[in-house]
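Visitor: For the record, the sequence lines run as chains L and U. Quick note: the first sequence uses our numbering, first residue 1223, plus one each step. Quick note: the second sequence uses our numbering, first residue -6, plus one each step.
What the hints contain is simulated information worked out from the structure, not anything from laboratory work. Since no wrong hints were added, every one of them can be taken at face value.
Once the Cα atoms are required to be at most 25 Å apart in a straight line, the calculated SDA-like pairs of lysine to any residue come out as:
| hint | chain 1 | residue 1 | chain 2 | residue 2 |
| --- | --- | --- | --- | --- |
| 1 | L | LYS1586 | L | LEU1575 |
| 2 | L | LYS1586 | U | GLY(-1) |
| 3 | L | LYS1586 | U | LEU6 |
| 4 | L | LYS1586 | L | ALA1659 |
| 5 | L | LYS1586 | L | LEU1574 |
| 6 | L | LYS1586 | U | GLY3 |
| 7 | L | LYS1416 | U | SER(-5) |
| 8 | L | LYS1416 | L | LEU1442 |
| 9 | L | LYS1586 | U | ALA11 |
Pairwise CB distance ranges, derived in the manner of DEER restraints:
| hint | chain 1 | residue 1 | chain 2 | residue 2 | range |
| --- | --- | --- | --- | --- | --- |
| 10 | L | VAL1450 | U | LEU4 | 23 to 31 Å |
| 11 | U | LEU4 | L | ALA1249 | 32 to 40 Å |
| 12 | L | PHE1246 | U | GLN365 | 52 to 60 Å |
| 13 | U | ASP360 | L | LEU1511 | 45 to 53 Å |
All residues carry an ideal CB built from backbone N, CA and C; glycine is no exception.
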Amino acid sequence: MSADAATSRAAAHPRGREARLLVFAVALTVGAGLLLGWSRQPGLSATALVTGVSLAAIALVAHLTVRTGAPHADPVLLPVAILLNGLGLVFVRRVDLATGSELAPNQTVWTAVSVGVLCAVLLFLRDVRSLGRYQYTFGFATIGLLLLPLVPGITAGIINGAQLWIDLFGMRFQPGEVAKITMMVFLAGYLERKRALLSVANQRIGPLLLPAARHLAPVLLATGMALVILAGLRDLGSALLFFGAFLAMLYVATGRLAYPALGAVTFAGGAYLAYQMFGHVRVRVAIWLDPWSRVTDEGYQLAQSLFALGTGGLTGTGLGFGRPQDVPFSATDAIFVVIGEELGLLGSSALLLLYLLVVVRGYKIALTARDEFSTLLATGLTTILALQTFVIIGGLTRLVPLTGITLPFVSYGGSSLLTNYLIVGLLLRISDDSRQAVLGRRRHHRGGT
Amino acid sequence: MSTRIGRLSGLMLLLFGALFVNLNLIALVQADDLATHPSNRRLIVREYQIERGPIIVDERAIARSIQTDGELRFLRTYPEGPLFAHLTGYYSIVLQRSGLEAALNEQLTGQPTEVVAQNLGELFGARGQPGNAVELTISQAGQEAARDALAGREGAVVALDPVTGAVLVSYANPTFDPNPLSSHSTAEISEAWDQLRDDDRQPLVDRAIRETYPPGSAFKIITAAVALESGLDPSSPFPDEAVYDVPQTTANIGNLPGSPCGRGGSISMQDAFRFSCNPVFARLGVELGDRALIEQAEAFGFNRPPPYELDVAVSRIPQELDPPATAQSAIGQRDVRATPMQMALVASAVANGGELLRPHVVARIRDPSGRQLSGPDSGRWTEGLLDGRAVSPRTAAQLQQMMVEAVERGTGGAAQIDGVRVGGKTGTAQRGATPDVWFVGFAEDRIAIAVVIPDAGEGATGGRAAGPVARQVLVALLGADA
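Given these sequences and hints, build the entire structure.
Guide: And the structure:
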């Protein structure tokens, strides 16, 4: 049998591969959970086993759904998501043990809910392109979702200096997370339709060639509004994500580097304005430049993050032997440094590689998508994931100023988890569509001979 | 669109590459600095896993670690509270360490803290291995006597063994309680710290070694040493004037009452010393010259940091003096400043026949099994390229005799002890509103002592205020010795 034939058979049976990877992901999670339990007291931890069984059940349901709903979808994305999610559960529990909080059970429930939503997407959204028809609805939904935390009655008020949460049915939710997806759907639909127009540049601004302002207006308006709202809500991390993903999609859609160039200029201007206007932005930048002179107050979080990573060194302190209690927001924004301390550079690098795998798979799906809307959507969603990972890890390691956003799949937080699984669901759907199209053509071709 | 997506993913790859490089820098290159940063609490938690060795005086622990149930396994306590506070210092999660807790940290921990367990295995390895015990040369009775004799007044007492250089007493008032500063409660620490910091009396300053005062007439020991070394005798005669007409200035030097010391006419150096005669010693200083005076003071240890387990402030005499300054320096005024430790070293050199010794407070260090790891850091003080000899044995013997005379029939009468050969020199230096007073002396060759009471009050003199303190401490030490 030729290697080519073997490859094509593996590609033809992606679900078997997915199943094996899922077993591996769940086993790794259970192993980590047991190790963590052992660090507290010798023996098998019941919590770790219960969590492991729950995750295995959740993974099984997801896998069976993919089998029926999207049989040709990418086989790597779901296992990597489950693995990241599983490690997240272990480390949220790790933080619970250190601080006495009770977050891990919640996060397990949210995992089930999020994977349920992923399954619903796969079962009920048979064609991604149908979303493109409602692009303006998604545009307005984005603004609505972003404004929701300001509505009296459901707002959860200002938490940690930002007003981003609502309380609904006893649950705390961050609608801005889901807005990332609605925003990408809107942009993908809009850019697909206008991309020819936008590609023709006939307006000259300095050295830049730009299309007529009226074609750009709705895009700039929507993004501008989102940015204003986010700056108003003081969620700088998300603002950065939106803006970065917007520029990336604009570039991919039009092929004109002038857009990112203009974006960079706008960004520089916006950053300067924000620096001048907002005290908290100035503080962030000052901390970034020199955390050590404010180690006990504003620079505390960044300093503690660096201490954790530095103490972890190459191999880490071992699971259960770090000090997450020293790091503020250790279960949410800063969970990466908890992992870095206990698993060391080796563990954090492995984590980084997992994200890289997701990103590479995402762009691959964008490349092979069968229509422009799907390509643009996949690009946008992948870019959001990549940028989010970069901004939070870069922030915690002092590569860029620290802004509080979650580490996808790993950080504690239901809205974030739900959004990330939604992204994976959409990417799976897109990859299934394209594979199906390829197979259909092949079958058609074979039938023709 | 494919190439553009390719470029975009290339950009993301670059960003992730930057993350990876940065992570490597932190976890490998900066790791040591981060892991040992003073604000990194991990270091403290790790350090507090170790049972720190005790600090021992007269076979009793004055600082010891007791086990707790908390995250910080051992709590440092000081059973005597303020009595030894300036010596032991504190051991604090917020303020770090001071005193011997800081100076002998590696010995007390049993290992340098900076390389304490970096990971799990080392942590388990390090557990249950307590630090070393540090035994001090301090006498509990002497230390208590110093506290009682000062009776709450600001001041300091330093007593040395003139034969070995061992520190027997090092006490300063006001002092502080190191226990709250060493607590595991940040709130308790900061409350105690704020109170100490805002206290105008500055209880955290160890006046025995960290503060300098004008020595006044106590400095005449050094001026007399210059004279004797130059060949003069205790019986050498000097004009007995009420006022010495200092060259190049109208600010002449007289005695406090404004009359001659004796009956006028002529007076021996010995009698001038006994009555603490300012005109005679001012004249001596000018006639012997500033160089000789400065060199003699430096031979006793001035202008050099003493070799000691704790940081001692440098006692000063200016490097160059014009005749008016020489005259005033010769009687311990103007810019001459000395720590009580330095004046005790002067007394010690006189008492032991002229040798300048290395003061030390650690008698020995033992590991947890009781094996002695090191002994005292004794010997002559030769740092600073001097030979550790302050004066010749002949000069030392003559100075001893002059100081004994001063106690038996002069200004130092308050320090007399029946049956013990006590010698000393008083000092009453004018600086602030009221004088800083001194007693610097010895009891045989067994104890050298320096007592200072700064700003001692209207009309106070070294003889009346500092002398009795010295006596009380000497009695306690001699009793403990016997």
